[in-house]
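Chemist: Just so you know, the protein sequences line up as chains A and B, in that order.
Residue numbers for the first sequence follow our numbering, beginning at 512 and rising by one.
Residue numbers for the second sequence follow our numbering, beginning at 982 and rising by one.
Just to be clear, a hint being listed does not mean it is correct.
[As the list claims (entries may be wrong)] Calculated pairs, DSSO-like style, for lysine-lysine (alpha carbon to alpha carbon, straight line, at most 30 Å):
hint, chain 1, residue 1, chain 2, residue 2
1, A, Lys551, A, Lys734
2, A, Lys577, B, Lys984
3, A, Lys804, B, Lys1021
Bear in mind the hints are in silico, worked out from the structure with no lab data behind them.
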Amino acid sequence: MQIKMKKVKIVTRRRGETTETWIDVPDTGEEGWGDVAGMKYVGQRHQRIDAVEKVTGRAKYTYDMKLPGMLYGKILRSAYPRARVVRIDASKAAALPGVKAIILPDDEGAADLLRRECRYAGQEVAAVAATTLEIAEDAMNLIEVQYTELPFVVHADKALESGAAQVQDDRPNGSEPRVNEQGDINVGFAESEVTVEAGYKTEVHTHVSLETHGSIAHWENGKLTVWASTQAISATQGGLSQFFGIPNSDVRVIKDHMGGGFGSKLGPRPEYAVAALLARKAGVPVKLMLTRKEEHITTGNRPDSFQNVKIGAKKNGKLVAYRRENFGTGGIAGRASIPGQPYLYEVPNFRVEQTDVYTHGGPQTALRAPGHPQAAFAMESVMDELAAALDMDPMAVRQMNDPDETRRNMVTLGAERFGWDKRRATPGPATGIQRGMGMGAGVWGGGGGRTKAEGVIHPDGSVEIRCGTQDVGVGTKTVIAQIAAEEFGLTLDDIIVKIGDTNYPPSGGSGGSTTCASVSPAVKNTVQMARLKLFDTFASSTFGVSPHDLEAKDGKVYVKSDPSKSMTWQQAAAQLGDEPLVVQGQWVPGLSSSGVPAVQFIEVEVNTATGVVKVVRVVAVNTSGLIMNPLLWESQVNGGVLMGIGYGLYEERIMDPRAGYMVNPNLEAYRVMGAMEIPEIEVVAYNQPERGVIGIGEPPFIPTAPAIANAVYNACGARVRAIPITPDKVLAALAERREG
Amino acid sequence: MKKFAYIDATSVDTVPSLLGRRFGQAQVLAGGTDLVGELKEYIATPDRVVNLKSIPGLDYIRQEDDGLKIGPLTTLADIETSTLINDQYSVLQQAVSAIASPQIRNVGTIAGNICQRPRCWYYRSEDFDCLKNGGDTCYSVRGVNRYHAIIGGGPCYIVHPSDSAVALMSLNASVKIQGPRGPREEMLDDFFVLPELNIMRENGLRANEFVTEIIVPASKPNTKGIYVKVRERDAIDFAMASVAVTMTMSGNTCSEATVVLGGVAPVPWRVPDVEQFLQGKQITEDVASAAAEMALREADPMSDNSYKIEMTQNIVSQAILDLA
């Protein structure tokens, strides 16, 4: 049976520009997801299929893997924030028994990985592989490096001062401001009846993935296999093949289970290439996993932000003018832009000026909703301050200026579930232990594409779905099994899901909340075609009907109009004869979309004697179109909220200005929230199944920090304009309030 | 981690010679929750690690006529849950239950908690060659000193990390110490040393000495104690500020008090002036605030830690009022 192709239009919006493209997709005669209400798997709560494997410790992560004869790699990193390597002597390290390979910056192939010019403390200088991790570490410490120390700067504000050490040779530390404007802010502010002006600050935030970065590299006959803890097997394959100058086909990347990435594992990482280089030199596999300290200083971060904001409104709350001047640093990678013109709300006159700053710090990289939490913190804080100045309910001010109907509905829904009407109209006293309520909002894109999948029905009835995506821990495997089980009328146990291997049909990286919206349509299309092709082998001969007239349910295949005409799934598969049925499908439009708001309401408790803030209750309202599995979805929302509390109350990279090192590259002084800090979280779904699948990874993280800050203000009148909201800042804000 | 020899000690008497006379050459291992971190970060680089857990009988809690005796290897969890420890020592149980996390309390020992090394992020990092690591700079002075000392600092500004030591000092506890010439006993008041006296150590243990018992004298009737600890998270975190207060009350008049601050000084910081001030006073809000102010009179904060003054004052007055 030939499945016909049809042309469909794809509309993409990127940075305000809309592009239309036409693509050919298989025509299965079915459209949309249908009504999931009556379905057994799609849209239903199902425990993840690898749950038992995970909780019993049988799931093997890259960190757990061992290959025969495998060596352990370590990277020697720059001891200074900026330095030139004058001399390296690795002779003592080489003489240490057990050391099998050493790579220095001048070695062949190492130039792009190992540095003679170091621009941040932690940059790669040399690497070593040895028979044990301990020997590798000892060897690393035996490599003698002589540096010439050079002037440096690690803070964005200092880097903008005249005379600051220059980070990049070819450009100044501060970029030309990128300006985005509309209307005339001078006119706007002149028309404003109430204005608020304030400075907001957010700190550099690191990913703290439970599993650190790393890989195992294995060469065999010039072909490279890499097991990597990665969010992007395809990009890793491409990057490594380019690095080593070998065809893509000679690089295979495998990732089974992984302990999170949050954006920091989206591409070919330098440490993967180092491991592969060591493995090639040693002639045996090399495993190289980073330490927690290396994670904090080298694998990426969310840039900080300094935002000076002025907002003006009419007395009725209608926004008239908005100005934001912001800068921030992504370390040696610069880029620290944040979205918004302005963020979320409609303002007739605005001007936004952004400056990216280079510093001698580790490079920024994507971190859960890049830019958005920074934007949300300042915008949602200033909206709260404006509401106080207007003597209005901050929710009312938001609703009046929010052009997004979905978000307005979500705010209404959340306010009701939360009990926003019980919020005190003015802040509580600056004494004792006080509770307060705050809200925040955000927006994210999501959306999918670029994915192929393969379905295999074996003659014995067993089923495989193969897709070169990866499950970063969110439950992708489970969603794939759900779609296939639904379509084939089988159970989740009947579906063998094979992902995380570049030998399977390609998919994109798992970033930007795009995986579910990319993979689900591709799998749906694949299994639909597989089902049609299977039915085609016997529909007419056995039942005298067209394959479209058959249905698969509860392990049976039957004629829709006469269910008594049926056979078991195994009998149906047996019609294939000796050969398995192999079908490739692809992402098709109409099953997913993008663009989702997020809203949170938070209640906090502030101890005004100590400045300690506890989040006691959160109502998180999210939408992501058709929710494939509410149980997994809620997990994502919970995770986003928890990370948001960490961002709002605890987490920050702290750099020593004089030495240029991070002082808290650990989990003691870089605080992520613990079990005791977990509040009651009510996850509310704003259902829009008609929109198809949209990702949920990022949106629930965005509104948390400003909602906390606003709740702290409501509790005790302490306006904290910098996150994390640590006790010292709360005490200072309380003192400011008392002084009036 | 540097390579070291691992030695199982078999008796208290043999430990001093296994430790040797030079600091840094050997380390005692009890619970290991502090030592392992120091070893991994190359902060401690001993040639020998002397395991004390192989010595039988160092793990006990005994109520005797003259007070409470606690073996050095008694775990924090055992102290936390012991029913042998009666109410007069509840400040100790309060402090111990505020240490770290259940997992760490299951392993960490009381002597280890008292003798643990500071958490200063400059000291704990191999990137900084700080005074305490044998270098010539205290980086906190012009660096990031949010968690550093506001009292008693200089030239190094660590804060003492132990919760239990603060409580024990408020109970007038002492420690029994084994050295090459046999045991000696020292009040906790005298046990800890300021950096101006010895920058490399936080207590007066010599290289070949170790703590073999904690002795807590019986307190007077009608004495109650309280431990208040401020931390950002309710587990794991060390104190930003803490206070242990004991008061012997007759009616609402305080006849005797002890007040010890934690998290603000390089040693558990006893404030005798405040103790005297409280003696014979009826406890009112004014008295409590005056005591709190007096407790921090000597505070001399750095760039980032002046918040600790108000925070500590607030918990001192709160603790006093709670006991009255």
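Chemist: Confirm or reject each hint.
Modeler: Comparing the hints with the structure gives:
1. For the suggested pair Lys551 (chain A) and Lys734 (chain A), the alpha carbons sit about 44 Å apart, so the restraint of at most 30 Å is broken.
2. Simply put, Lys577 (chain A) and Lys984 (chain B) have alpha-carbon atoms about 24 Å apart, close enough for the 30 Å limit, and the pair holds.
3. A distance of roughly 12 Å separates the Cα atoms of Lys804 (chain A) and Lys1021 (chain B); the hinted pair therefore holds under the 30 Å criterion.
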